[in-house]
Structures are given as structure tokens and as C-alpha cells.
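**Q** Sequential numbering of the sequence shown, starting at 1, is according to our numbering.
Source of the hints: derived by calculation from the structure; they are not laboratory data.
All figures in this text were calculated on a predicted structure; none of them were measured in a lab.
For every residue, glycine included, the Cβ atom is placed at its ideal position computed from N, Cα and C.
Wrong hints could be hidden among the right ones.
[What the hints assert, rightly or not] Straight-line Cα separation of at most 25 Å, BS3-like style, residue types lysine-lysine; simulated pairs:
no. : residue 1 : residue 2
1   : LYS186    : LYS223
2   : LYS124    : LYS199
3   : LYS124    : LYS278
4   : LYS199    : LYS258
5   : LYS223    : LYS160
6   : LYS203    : LYS127
7   : LYS203    : LYS128
[Said to hold, decoys possible] Per label pair, the in silico range of CB-to-CB distance:
no. : residue 1 : residue 2 : range
8   : GLU150    : HIS256    : 53 to 61 Å
9   : LEU63     : SER87     : 17 to 25 Å
10  : GLU76     : HIS97     : 39 to 47 Å
11  : GLY67     : GLU150    : 25 to 33 Å
12  : LYS203    : THR228    : 44 to 52 Å
13  : LEU59     : ASP155    : 39 to 47 Å
14  : GLU80     : SER142    : 33 to 41 Å
15  : GLU252    : LYS186    : 37 to 45 Å
16  : THR228    : THR84     : 37 to 45 Å
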Amino acid sequence: MRDTIDLEQQIKQLKSQIQESEKLSSLGTLSAGIAHEIQNPLNFVINFSQMANDMVDDLTDILDEKGIDLTDKENEELAEVISTLRSYLAKIAEHGHRATDIIQGILLYSRGKADEFLPTDISKLVKKYVWLSFHAMRANLSDFNVTIHEEYDPDIPIVKVIPQDLSRAIINIMNNACYAVWKRQKAGTPNYIPTITVKTELKENDFVISVEDNGIGMSPEVKQHLFTAFFTTKPAGEGTGLGLSITRELIEVKHHGKITVDSEENKFTRFSFIIPIKK
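All chains, please: the whole structure from these sequences, using the hints.
**A** Encoded structure:
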């Protein structure tokens with residue numbers, strides 16, 4: 001009788017997870033469509049900011065031809081306006097390119113070819129999806145913020161990975177790290193500063209990606225079931241219990257790598273992906 005009840009609960013849970021997966025799949029398709037549509041007007045913003053910057057150059061040339069010296073104190077106000085305009089245009093271009101990177105990340109995440117190994121700049125990919133995860137968390141939780149320390153090894157060569165799969169693994173781990181620091185912050189820990197440290201390293205014939213947070217940490221019992229499908233410590237509706245089991249498959253099966261986990265309750269959690277270099 002007990003086995004029958006357990007089986008019914010597992011079936012019910014599985015149906016719920018399938019529905020959630022279908023919802024996420026639809027959301028991914030919708031996000032890709034929105035990202036694609038946003039890219040076009042964003043291109044106009046970036047291009048016109050560059051054109052406006054070129055016009056400022058033309059303006060300074062005209063002023064120079066007319067003998068107006070911008071370094072002269074009499075023209076100090078005009079020089080300040082031109083300098084401010086240049087700084088504003090630079091900010092527009094900077095954030096426009098940043099938005100483009102986010103959009104490209106969404107498109108790669110949702111449309112990347114399955115199981116296709118492609119030459120990849122690992123540190124660039126990690127950085128892109130770390131910040132994509134951060135912005136997604138900010139969008140979902142208005143009171144969320146975190147300090148992110150980044151340490152990217154410049155000696156990692158261009159290597160072949162499945163970008164779509166590796167990006168999913170990074171997002172899964174980063175989402176968990178963001179959630180862990182947010183939960184500890186909500187608990188009201190005195191003088192607590194939410195912090196996540198992201199590193200890429202070259203170690204002999206492997207490259208290593210590590211994400212460490214100073215959040216709620218994990219007990220030995222939780223660590224024991226960490227990669228079990230449908231296991232989650234999050235409240236109902238906040239987690240599917242599939243993220244880490246999928247991550248293990250992406251890293252250990254598809255990339256022939258290894259995942260290590262170190263954690264201590266209310267102190268830290270560190271996940272590391274150790275992946276052999278495939279040039």
C-alpha cells in the first residue's frame with residue numbers, strides 16, 4: 001500500500017515537472033522572439049550614437065576652422081557641453097553593446113544547435129551568462145543585489161565545447177548562487193554583504209569554471225542528494241529539482257568533465273566544472 005502511494009506521488013510530481021518544462025520551453029521560444037525583435041531598434045540606437053559622435057567631431061573641426069579655441073577660458077562653457085555630450089554618447093554606445101551581448105546570449109541559449117562542439121572563448125562565455133543570470137534575478141526579485149567578483153584566466157585557449165549546453169550549466173549554477181545569497185540576506189544576517197566569486201582557470205589539460213557564493217550553504221544531508229532528479233530545498237513553485245541533475249549530465253556526460261562541490265551551512269558553497277580541453 002505504501003509503495004502504491006509513493007508511486008502515485010512520483011507520477012503526480014513527474015506530471016507537474018513535465019508541465020513546468022513545457023512552460024519553460026514556450027517561455028524560451030517567446031524570449032528568443034522578443035530578443036530578436038529588440039535587436040533591430042537597438043542597432044539603430046548604437047549606429048546613431050556613433051553618427052552623433054562623428055558629428056561632434058565635425059563640430060569641433062568647424063569651430064577650429066573658425067578660430068574658436070576650446071581650451072580658451074572664454075569658451076569653457078562650450079567645451080564643457082561638448083565634453084559632456086561625448087560622455088553621454090559613449091555611455092549610450094557602451095550600454096547598447098552590453099544589451100546586444102545579453103540578447104545574443106538569449107538567442108544562443110534558446111536556439112543553439114544540440115551537441116555541436118564549437119570553438120569558444122570560455123571566459124567570454126562565462127562572463128556573458130553570469131550577467132544574464134544576474135539580470136534575470138534582478139528582474140524577478142526587486143530587492144535582489146549582489147557583489148560579483150570576476151577572475152578570468154587569459155591563458156585559457158580557444159577550446160571546443162557545446163556552447164548551448166555549457167551556458168545552461170553556468171546559468172543553473174549561477175541561479176543557485178544568486179538564490180543562496182538572496183535567502184541569507186532575507187534572513188537578516190548582521191553586516192552581511194551578498195557576494196559571488198566567478199573564476200576561470202587553466203590547469204594542465206583542463207579548464208576550470210568555479211562559482212562560489214557566501215549564501216546559506218548546504219548541510220551534509222542536502223549535499224548527499226544534490227544531483228538527484230526532483231530533489232529541491234526550495235519552496236513549491238520556486239524550483240523544479242532538475243537543474244543540478246541536468247547540469248551533471250551536461251558537464252560529465254556531454255563534456256566528459258567533472259563537477260566538484262564544497263559547502264558549509266551559512267558560510268559558502270562552491271561549484272567547480274573541470275573540463276578537459278578539446279582544441
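**Q** Starting from LYS124, check that the Cα of LYS278 is at most 25 Å away, please.
**A** holds, 17 Å
**Q** Hey, LYS124 versus LYS199, does the alpha-carbon distance stay inside 25 Å?
**A** Given pair LYS124, LYS199 holds - Cα atoms ~12 Å apart, limit 25 Å.
**Q** Cβ-Cβ distance between GLY67 and GLU150: within 25 to 33 Å?
**A** violated, 49 Å
**Q** Is the gap between the beta carbons of GLU150 and HIS256 within 53 to 61 Å?
**A** Distance hint for GLU150, HIS256 is violated at roughly 26 Å.
**Q** Is LYS199 within 25 Å of LYS258, Cα to Cα?
**A** holds, 16 Å
**Q** Does 37 to 45 Å hold as the CB distance between THR228 and THR84, or does it fail?
**A** violated, 57 Å
**Q** Quick one: are GLU80 and SER142 within 33 to 41 Å, going by C-beta?
**A** With a Cβ separation near 37 Å, GLU80 and SER142 satisfy 33 to 41 Å, so the hint holds.
**Q** For GLU76 and HIS97, compare the CB-CB distance with the range 39 to 47 Å and indicate the outcome.
**A** violated, 32 Å
**Q** Given the hint that LYS186 pairs with LYS223, test it: the Cα-Cα distance must not exceed 25 Å.
**A** holds, 22 Å
**Q** Sort out whether LYS160 lies within 25 Å of LYS223, counting only the CA atoms.
**A** With a Cα-Cα distance of about 31 Å, the restraint between LYS223 and LYS160 is violated, given a limit of 25 Å.
**Q** Given the hint that LYS203 pairs with LYS127, does the C-alpha gap stay at or below 25 Å?
**A** holds, 19 Å
**Q** Look at the Cβ atoms of GLU252 and LYS186 and judge whether their distance stays inside 37 to 45 Å.
**A** Hint violated: Cβ distance 33 Å, outside 37 to 45 Å.
Checked against the numbered hints above, the structure breaks hints 5, 8, 10, 11, 12, 15, 16 and satisfies the rest.
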